[in-house]
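J.: Each chain, letter by letter, is given below.
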Amino acid sequence: MTLVWIIAIPLVGGLLAWAAGHRSDTAPRWIALSAMALDLALALGLWKQYGAADFSISGPWLQELHTSWIPQFGISFHLAVDGLSLLLLLLTALLGLLCVPVSWTEIRHRVGFFHFNLLWVLAGILGVFMAADLFLFYCFWELMLIPMYFLIAIWGHERRLYAAMKFFIFTQLSGLFMLVAILGLVFMHHTAAGVFTFNYAELIGTPLSRTISLWLMLGFFAAFAVKLPVVPVHSWLPDAHTEAPTAGSVILAGLLLKTGAYGLLRFVLPLFPVAAGEMASVAMVLAVVGIIYGAVLAFAQTDLKRLVAYSSVSHMGFVLLGVATNNLLALQGAVLQVLCHGLGTGALFILVGALQERIHTRDLRAMGGLWTNAPRMGGVAMFLALASLGLPGLGNFIGEFLVLLGTYQTSIPIAVVASIGLIVSTVYSLWIIQRAFHGVAPETRRVSDFTRREMATMAVLMAGLVWLGLYPQPVINTASQTLTRIQQTVVTAQSKAATVKLVGMSSPRSGEIR
Amino acid sequence: MLELLWVIPAAPLAGFLVLTLFGSRLRKPAIAMIGAGSVGLSAAIGIMLSAGFLDSPPAEHAYTQHLWTWMNVAGYVFRIALYFDALALVMTFVVACVGFLILVYSVQYMADDDGYARFFAYMDLFVGSMLILVLADDLLLLYLGWEGVGLCSYLLIGFWYKNPANARAAVKAFLVTRIGDTAMAIGLLLLASHFHTLRIQEVMQGVKEQWSVGSGLAVAAAALMLGGALGKSGQVPLQVWLPDAMAGPTPVSALIHAATMVTAGVYLIARTHVLFEWAPVVQSAVAAIGAVTLLLAGMAALAQRDIKRVLAYSTISQIGYMFLALGVGAWSAAIFHLVTHAFFKALLFMAAGVVILSLHHEQDLFKMGGLRKQMPLVFWSFLVGALSLTSLPLVTAGFYSKDLILWMVWSSPLGGPWLWLAGSIGAFVTAIYTFRMVFLAFFGETQSHVTPHRGSFLLIPIAVLAALSMVGGFIELPRTLGHLPLFSKLVETALPPPPEAHYGLSAEAAFQVVAGTVVLAGMLMAWLLFLRSPQYVRSWSAAPWGVALHRFLASGCGFDWAYNLVFVRPFVRLAEINRSDFIDSIYTSIAGANLLGHVILSRTQTGQLRWYMMGIVAGAALTVALAVLL
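Going line by line, the protein sequences match chains L and B.
Be aware that the first sequence starts at 24, since it is given in the working numbering, and climbs by one per residue.
Be aware that the second sequence starts at 4, since it is given in the working numbering, and climbs by one per residue.
Hints were generated in silico from the structure; no laboratory data involved.
Do not rely on the hints blindly, as some may be mistaken.
Claimed, not checked - Label-pair restraints from in silico Cβ distances: (1) Val-305/L to Gln-611/B: 50 to 56 Å; (2) Glu-225/L to Phe-570/B: 39 to 45 Å; (3) Gln-611/B to Pro-465/L: 55 to 61 Å; (4) Val-308/L to Ile-593/B: 22 to 28 Å; (5) Glu-63/B to Ile-443/L: 35 to 41 Å; (6) Arg-399/L to Ile-593/B: 44 to 50 Å; (7) Glu-448/B to Thr-474/L: 53 to 59 Å; (8) Phe-562/B to Val-305/L: 36 to 42 Å; (9) Ala-486/L to His-363/B: 40 to 46 Å.
Said to hold, decoys possible - Listed below are the simulated SDA-like cross-link pairs for lysine to any residue, each with C-alpha atoms no more than 25 Å apart in a straight line: (10) Lys-165/B to Leu-29/B; (11) Lys-165/B to Arg-308/B; (12) Lys-165/B to Ile-315/L; (13) Lys-211/B to Ala-223/B; (14) Lys-165/B to Leu-387/L; (15) Lys-165/B to Thr-325/L; (16) Lys-211/B to Ala-62/B; (17) Lys-31/B to Asp-472/L; (18) Lys-31/B to Thr-395/L; (19) Lys-165/B to Val-450/L; (20) Lys-370/B to Ala-470/B; (21) Lys-165/B to Pro-398/L; (22) Lys-165/B to Thr-467/L; (23) Lys-492/B to Leu-417/B; (24) Lys-370/B to Leu-380/B; (25) Lys-211/B to Ser-196/B; (26) Lys-165/B to Asp-309/B; (27) Lys-71/L to Ala-482/L; (28) Lys-211/B to Leu-417/B; (29) Lys-165/B to Asp-326/L; (30) Lys-165/B to Met-405/L; (31) Lys-376/B to Gln-366/B; (32) Lys-370/B to His-452/B; (33) Lys-165/B to Gln-379/L; (34) Lys-165/B to Leu-56/L; (35) Lys-165/B to Gln-432/L; (36) Lys-165/B to Arg-468/L; (37) Lys-165/B to Val-470/L; (38) Lys-211/B to Gln-432/L; (39) Lys-31/B to Ala-47/B; (40) Lys-370/B to Asp-309/B.
Note that CB positions come from ideal geometry on N, CA and C, so glycine has one too.
With these hints in hand, go ahead and build the complete structure from the sequences.
T.: Next comes the structure, spelled out in structure tokens:
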């Protein structure tokens, strides 16, 4: 039942917050805060229950909830959680919780409706991470889209309508590709097995011809690639991140992008192992292009928020690289990168939001010398910049190192080029500090430093990054079983396909794909 | 006893944490106590452990302390563990003890600075990271320390962040070293992929057992590690950041950019010496790079006006000697020079720092002069440092270490006359630029007003280092002069002995005489050119060729200019051209096309009947025409 509660609490909390918003402005904040705190407690409870230290479980799921929904089509309300989902639930609950204090002073208009949207988008994300039925998954996928659209369009900055529309079109269009692919997969399964089912576990291993599996895989990949985002379908991201209110940016960067990564791991690899293997080299190249391209673009930006947004493109390139490489090292790296990027970039967006609240601009050219005015802010910014450039001792380094180490086993040139991303990320990260915080402050400017509330928010995120940087083992253990299973599914299917091919003598080279 | 090893890096890191969290609320004496005291604790424990180590060495002359498992993924295990052997002992001694002296000096040097707590926090973080670097058992942990010291170097170069030039120098330092670090990181990927661990001892054992000498893998791995070492130690072609790094406060220059961090590359190569022995090509490259660097930097030092920049180029040049020694397999000689260099270069920087303070932050040599009489104590200590740097025979520490290197370069089968010649010319140049500095600053006419600083916190560390710069060499006396190889005996429990030499005592003595003569000749030359008859230099530097040469040398041989042209500007330009992301313009043009279609089609909706009639007629005509034509 815990799983239902995890989704129900934000849904109900959202409605309550909306209703309470008519009476007072603070009530919705407290409702949202308690809802997410409860969720975080539930997720932590789950983690504790299954032993964060040595996480060994029997069977694929830690906990499962299976209720029939539309039996005619084999659709069920099926939630399930394993180590991977659990980590992402924890991240969602934590960032969701922090989004409330972040919006405390920023959002002053239609507060109730804001928190309704906030909680519902979080519920959608939580659902995405738990759904074990493809139809249900698609429902949650849509559920996170619409409140997000409102968050950007109502509470965003100058070009919010443009950005919201762009975000909506990109994600909706790619989501439709996925819907078609889901239906296609279900029909293929029906042809083979004679029953309709949307059940994830049953759909794994559906026999597919090479072409069909490639097309269906691309359908899923389209949706996830847009979310992740993969260059060249990334261009919704800088606009959406920049125009969204702070909490919106935190959710976009910290959580929404992660649904793309999660989708690749959860669906693309296990459902289409052979097709994914064939596309792996393309994906790796796209990933490396993303790493470098995003970083170079980040450096070129003058809008600080846009800079951070492009840095996400670069960081998520490492995630795609890890997934495409598909060995245990790289997959673990991808998961850690997902978590650390969620914490680090979330924190960076909070910082930029706080800055904008104070100096009413995001333009780097108008900043400078902030360290003098706000040393605590400067220290936090320095910390986050260092995390972003992959300083060892902070979490991102672990993620990037493991991805690179995994990639190195598969392709040395790709690993080397991706490493160059580390240099470019240094350029843009230090650029932030140099432009915004170093230099002389204009005498007329008064900037108040971080308050206790803001410092506390940041402290949580920074502590998380240090913890993941120095002792990531609990997280590695938690994800390990799921990732091993995914990786083995893929390897088994691929080697089977390779043997079939070898017997048919069609292409001896395909034996190399890993 | 050795169980206390973890405290050595932990104490300064704790100091850093305390100062970061509560620094703004503490008063200056408390900050100084925590900042310098934590490093003092490290130094004390380091000395205690070293004494115990020397007294009763542990099995196999090494002690490992496993703290916790960092990561254990798919059979790859990376550990947070410390490793204490003779090499680590020497490095710990240098870092903690010299570090402590410099921090004591900073207590007074930085006394008037607003960022007092920030300064000591960064310095503590630096010492902690550096100690992790030298004590790491695992290359990945070493890399953590490696990046940590790079970070502190960045933070401290940009300490006076209000001046954009300082901030730029800081970024430059971080970035250039990061280029080397990335090469090193790729090297770690290579090693980890082959050995499934990065424990230094296991990797070295694996290299010995599984790879053949000169194999492609060994060469690649050694070359990549060398990349990291070049960046950190400011060797050609990655030396460009170090002169600019002088933007930081002088104690920083003394600690990070002279005594400790910049020698990390030397430590790294010594620590992974098996890799280099297994890749003779790369090892020769180390020697060649060292030779080129020591000459280039020495020449560049001749043309600097800023006293700290002279010292910076001198550091680059002296590390070149260490690389030269590493390249010919004289591991312990390289480490010996590292130690003596730490003493005398820290001394020179600290003495220069007092000069700079007394002249109200004046660093231009040509605005100094005659300081000998006004600040005799500083003059004498500076002179000791300078003599040690030029390696005046018999009485200075620098002589014993540099002489050892030069002799090894000649006598080692990996060395040879050319490398020796480069080293000797370098010694000559060293003597000239060092005494140019001494003569310009301390002799001649008094030029500016001096407010002498007599703080004992400033002077005691200087005095201690001056003593060490004299007597520090006596722990390793050559065969010709008493033969007391204490240092190499100790270090050779961790590093292999130098290749056998087939020369007699008389040959060694002859070379020492030559080396001594070269040094004295250089000093004489400096005296002639800069004190006795400066008119020659003046007339040369007025001639067109002199102007060009001076500009070339003063700019550090044009590297900055070339890198700007080849890397920096194209990158910035490219980034600027694509600022608005050309991929986005594809989508905007799709959207634009839709919008255009919408505009055009909505124009046809005029509400006027005749327009619609026209449309129908035109459509019909088109259909008929198509039907007829097709």
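J.: Confirm or reject each hint.
T.: Quick rundown of the hints versus the structure:
1. Val-305/L to Gln-611/B: 50 to 56 Å: The hinted range 50 to 56 Å holds for Val-305/L and Gln-611/B, with Cβ atoms some 54 Å apart.
2. Glu-225/L to Phe-570/B: 39 to 45 Å: violated, 55 Å
3. Gln-611/B to Pro-465/L: 55 to 61 Å: holds, 60 Å
4. Val-308/L to Ile-593/B: 22 to 28 Å: Distance hint for Val-308/L, Ile-593/B holds at roughly 24 Å.
5. Glu-63/B to Ile-443/L: 35 to 41 Å: holds, 40 Å
6. Arg-399/L to Ile-593/B: 44 to 50 Å: This hint holds: roughly 45 Å between Cβ atoms.
7. Glu-448/B to Thr-474/L: 53 to 59 Å: Holds - the Cβ-Cβ distance for Glu-448/B and Thr-474/L, about 58 Å, lies within 53 to 59 Å.
8. Phe-562/B to Val-305/L: 36 to 42 Å: For Val-305/L against Phe-562/B, whose Cβ atoms are near 40 Å apart, the range 36 to 42 Å holds.
9. Ala-486/L to His-363/B: 40 to 46 Å: At 44 Å between Cβs, range holds.
10. Lys-165/B to Leu-29/B: Holds. Lys-165/B to Leu-29/B sits at ~23 Å (cutoff 25 Å).
11. Lys-165/B to Arg-308/B: holds, 24 Å
12. Lys-165/B to Ile-315/L: violated, 31 Å
13. Lys-211/B to Ala-223/B: Holds - the C-alpha atoms of Ala-223/B and Lys-211/B are around 15 Å apart, at most 25 Å.
14. Lys-165/B to Leu-387/L: Holds: Lys-165/B and Leu-387/L sit about 16 Å apart, inside 25 Å.
15. Lys-165/B to Thr-325/L: holds, 20 Å
16. Lys-211/B to Ala-62/B: Holds - the C-alpha atoms of Ala-62/B and Lys-211/B are around 21 Å apart, at most 25 Å.
17. Lys-31/B to Asp-472/L: holds, 23 Å
18. Lys-31/B to Thr-395/L: holds, 19 Å
19. Lys-165/B to Val-450/L: holds, 20 Å
20. Lys-370/B to Ala-470/B: violated, 29 Å
21. Lys-165/B to Pro-398/L: Holds, at about 13 Å.
22. Lys-165/B to Thr-467/L: holds, 16 Å
23. Lys-492/B to Leu-417/B: holds, 21 Å
24. Lys-370/B to Leu-380/B: holds, 20 Å
25. Lys-211/B to Ser-196/B: holds, 16 Å
26. Lys-165/B to Asp-309/B: holds, 21 Å
27. Lys-71/L to Ala-482/L: Holds: Lys-71/L and Ala-482/L sit about 23 Å apart, inside 25 Å.
28. Lys-211/B to Leu-417/B: holds, 20 Å
29. Lys-165/B to Asp-326/L: holds, 22 Å
30. Lys-165/B to Met-405/L: The hint holds at about 16 Å.
31. Lys-376/B to Gln-366/B: holds, 19 Å
32. Lys-370/B to His-452/B: holds, 10 Å
33. Lys-165/B to Gln-379/L: Measuring from Cα to Cα gives roughly 22 Å; hence the hint holds.
34. Lys-165/B to Leu-56/L: Judged against 25 Å, a Cα distance of about 40 Å means the pair is violated.
35. Lys-165/B to Gln-432/L: With a Cα-Cα distance of about 46 Å, the restraint between Lys-165/B and Gln-432/L is violated, given a limit of 25 Å.
36. Lys-165/B to Arg-468/L: Holds, at roughly 15 Å.
37. Lys-165/B to Val-470/L: Holds, at roughly 17 Å.
38. Lys-211/B to Gln-432/L: holds, 22 Å
39. Lys-31/B to Ala-47/B: holds, 23 Å
40. Lys-370/B to Asp-309/B: Cα-Cα ~10 Å, so holds.
Violated hints, in rising order: 2, 12, 20, 34, 35; the structure is consistent with all others.
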